[in-house]
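There are 2 protein chains.
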Amino acid sequence: MLKVIAQDFIKPEAIDIVLPLYRELVEKTRQEPLCLAYDLFVDQKDPGHFVFIEEWPDRAALDIHCATEHFTRLVPLINAHQRQDGTVVLMDAVPA
Amino acid sequence: MLKVIAQDFIKPEAIDIVLPLYRELVEKTRQEPLCLAYDLFVDQKDPGHFVFIEEWPDRAALDIHCATEHFTRLVPLINAHQRQDGTVVLMDAVPA
Chain A
1 MLKVIAQDFI
11 KPEAIDIVLP
21 LYRELVEKTR
31 QEPLCLAYDL
41 FVDQKDPGHF
51 VFIEEWPDRA
61 ALDIHCATEH
71 FTRLVPLINA
81 HQRQDGTVVL
91 MDAVPA
Chain B
1 MLKVIAQDFI
11 KPEAIDIVLP
21 LYRELVEKTR
31 QEPLCLAYDL
41 FVDQKDPGHF
51 VFIEEWPDRA
61 ALDIHCATEH
71 FTRLVPLINA
81 HQRQDGTVVL
91 MDAVPA
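So the protein lines, in turn, are chains A and B. Going by the UniProt record's numbering, the first sequence opens with residue 1, and the numbers climb by one from there. Going by the UniProt record's numbering, the second sequence opens with residue 1, and the numbers climb by one from there.
If we strip away everything but chain A, and leave its shape as in the complex, we get:
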């Protein structure tokens, strides 16, 4: 299982613009057959700091996601409104 945290830092004045784009991205990504979890959160202290917490079977599934029509169309539209570069961390679970 591959866990992903992807963080975006959106300009405050663009939050209303990106929200519907995010919602479409979440809705369509959750329909992907290999998507295990794909949830979007916002920092309580920073309304432009959006955090995806994602779960995929493996890297190949994530790569398929990143090549989908909705991802390749929506992410550039969202990234146009960033105030700083986003970050992505790929993680493994620490066994109990």
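Watch out, some of these pointers could steer you wrong.
[As the list claims (entries may be wrong)] As a list, the in silico DSBU-like pairs of lysine-lysine whose alpha-carbon atoms are at most 30 Å apart: (1) A:45 with A:11; (2) A:45 with B:45; (3) A:28 with A:11; (4) A:45 with B:28.
I should point out that these hints are in silico values taken from the structure, not numbers from a laboratory. Everything numeric in this text was worked out from a predicted model, so none of it was measured.
Given chain A, put chain B in place with the hints provided.
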């Protein structure tokens, strides 16, 4: 629901020291009645970069967690091995 991402940056030489401390912290935290989710991950690119993804009903539940015997005993022991300060982000879900 309150979602939390807590990140630690541990010195490479101390990873074997902190792992059992992390495991005890995860085990005991998951037994807390108000704990909805408490999972530990490690960055594929940085074996000292540990990431907790947590879920609590609300801030009060998180505060109770931070006052528990296991938290107050184990977290300082872990933090003694940090190479830089950890970060904590409290988040709300973005409604679909």
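Would you pick out the hints that fail for this structure and give their numbers low to high? Every hint satisfied by this model.
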